[in-house]
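As you go down the protein sequences, you meet chains A and B in turn.
Letter 26 of the first sequence, counting from 1, is numbered 26 in my numbering, and no numbers are missing.
Remember, my numbering sits 1000 above the position in the second sequence when you count from 1.
Watch out, some of these pointers could steer you wrong.
Stated by the list, open to error - With the Cβ distance kept under 7 Å, some of the chain A side facing chain B (calculated, not the full set):
1. GLY165
2. GLN170
3. ILE171
Hints were generated in silico from the structure; no laboratory data involved.
Even for Gly, the Cβ is constructed at its ideal location relative to N, Cα and C.
Residues per chain are reported as follows:
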Amino acid sequence: MKKKKTPEVWICGIVSVFAFLLLWQIGCSVSELGKMIPGPITVTGAVLKSMVSRSIGGHTLWIHIGYSLLRVLTGYILGSALGVVVGLAMGWNRVVEAFITPIFRLIRPIPPIAWIPISILWFGLGFQAKVFLIVLASFCNVTLNAWAGAKSVDPQLIGAAKMLGASKSQIFFTIVMPASVPQIFAGLQVAMSSSWTTVLAAEMVRSTEGLGWMIVTGQTNLDMTQILVGIVAIGVVGFILVAVMRRMEDILCRWNKGKR
Amino acid sequence: MQMEQRKKIEPVIQCDNLCKTFRTPGGDQEVIRNISLDVQENEFVVLFGPGQCGKTTFLNMIAGLEKSTAGTVTVSRKCVTEPGPQRGVVFQSVALFPWLTTMGNVEYGLKMAGVKKEERQKRAQKYIDLVGLQGFENTFPVELSGGMKQRVGIARAYCIEPEVMLLDEPFGALDAQTRYLMQEELERIWQTAKRTVVFVTNNIEEALYLADRIIVLSPCPCSIVKEFEIDLPRPRNYTSQEFLHLRKEIDATINSST
Chain A
1 MKKKKTPEVW ICGIVSVFAF LLLWQIGCSV SELGKMIPGP ITVTGAVLKS MVSRSIGGHT
61 LWIHIGYSLL RVLTGYILGS ALGVVVGLAM GWNRVVEAFI TPIFRLIRPI PPIAWIPISI
121 LWFGLGFQAK VFLIVLASFC NVTLNAWAGA KSVDPQLIGA AKMLGASKSQ IFFTIVMPAS
181 VPQIFAGLQV AMSSSWTTVL AAEMVRSTEG LGWMIVTGQT NLDMTQILVG IVAIGVVGFI
241 LVAVMRRMED ILCRWNKGKR
Chain B
1001 MQMEQRKKIE PVIQCDNLCK TFRTPGGDQE VIRNISLDVQ ENEFVVLFGP GQCGKTTFLN
1061 MIAGLEKSTA GTVTVSRKCV TEPGPQRGVV FQSVALFPWL TTMGNVEYGL KMAGVKKEER
1121 QKRAQKYIDL VGLQGFENTF PVELSGGMKQ RVGIARAYCI EPEVMLLDEP FGALDAQTRY
1181 LMQEELERIW QTAKRTVVFV TNNIEEALYL ADRIIVLSPC PCSIVKEFEI DLPRPRNYTS
1241 QEFLHLRKEI DATINSST
């Protein structure tokens, strides 16, 4: 059973975050390494300012987050949908599995960012090239998990469904698919972090906006505050994305609680 | 007298010289040797034998979940080749669909058969009530106790209105108290909605409480040692003279066979 967070846990969490911010602030004034970067107060000020004024490359922070999110979500949804279909097909049908497994095993270890040059060659510098990379990043993780999920369905459940009169296709849609959902969700979570890292890398290589671009231009202009604003935004957005995924899983996999 | 009449009718389940050998890397393992068994309509037959003796394998062959190496099973003249709604199975591990509620599990078979929602929920409700689970229609299996899960399993198998019910040590995982209760419940359910039943157990009290006929099986390879017709009046008393006497007699049979 998933435990509810006690007040103690909340207090510990808040204390730890404040301790980190305090150490950062102190570090900025006493250590040599710290003196090169702005402290949390400066960064917070810059974050707030960039939310309302077009202070970064002619855009507000929201616009940069929006660009990165749009790229991630488009690629993520396409890649995950494809991954679920291919993974379930591999787990359900031996012929499909036999054909796809070798190619999949070869493509999977290639990190998505290795495709950056090819993506630029094929799709140019814009939206499509980034989406292509994120499709790759999410596809492999989701496929792997959907495949494993469909393969590991309890054979007794399939026996029970047959006993109750289910046809082969009914077994796929009413047993194999729901039984694979927790595994697919595990894949979706990994795919989300992987997509998020990939979009930032892609933006750092070639882009005219987005959080990855913010960091790289900060480096070029020696603007430490802009770099840190970008890093903070990446952390916070990533945190929110994962939290949303967890919440969705809690709702969709209510029946599976206690097994996680 | 009643038994005499029954035997004139053609049996519902006919097992003819069933054999099962598992091929393992370490060589062939004979699990079942030449079992022939007829079960009459509405008869409650208990397969009684020690653990791991192959009685579950035997039941699975009647269910169609496992193929025999030799011999045939026919149920109502149809040769059994795969599992189907003609034979409802209650599994030892329950095997409920964890993502479906009690109602979802019980109505599953009707849903697959294309029965309209209103109609199938009405029929499922009848069996949910029969097993005493009213109020738990929207509960997921993870939130139910062991005994309640098995009730759902029984209702699910009953709901497809099979010709025969096959129960594989359904109460094996329950504590003693719940087990007695479930035995009484099953007896009541069976009296209310009569079916031809094959019930597997390794518990002699359970066998005597429920059976019209007990088939005593020997351990590996599994074969029939002896049959006992039990015509004690129902519901039975676990501590009556006749009950204890039969219990001794069956005990003696097992001891002499091993």
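Does GLY165/A pass the interface hint, meaning its C-beta sits closer than 7 Å to a C-beta of chain B?
holds, 4 Å
Do the numbers back the hint for ILE171/A, that is, is its least Cβ distance to chain B under 7 Å?
violated, 9 Å
Next item in the hint list is GLN170/A. Is there a CB on chain B closer than 7 Å to its CB?
GLN170/A check passes; min Cβ-Cβ to chain B is 5 Å, inside 7 Å.
Hint violations for this structure: number 3 only, all remaining hints satisfied.
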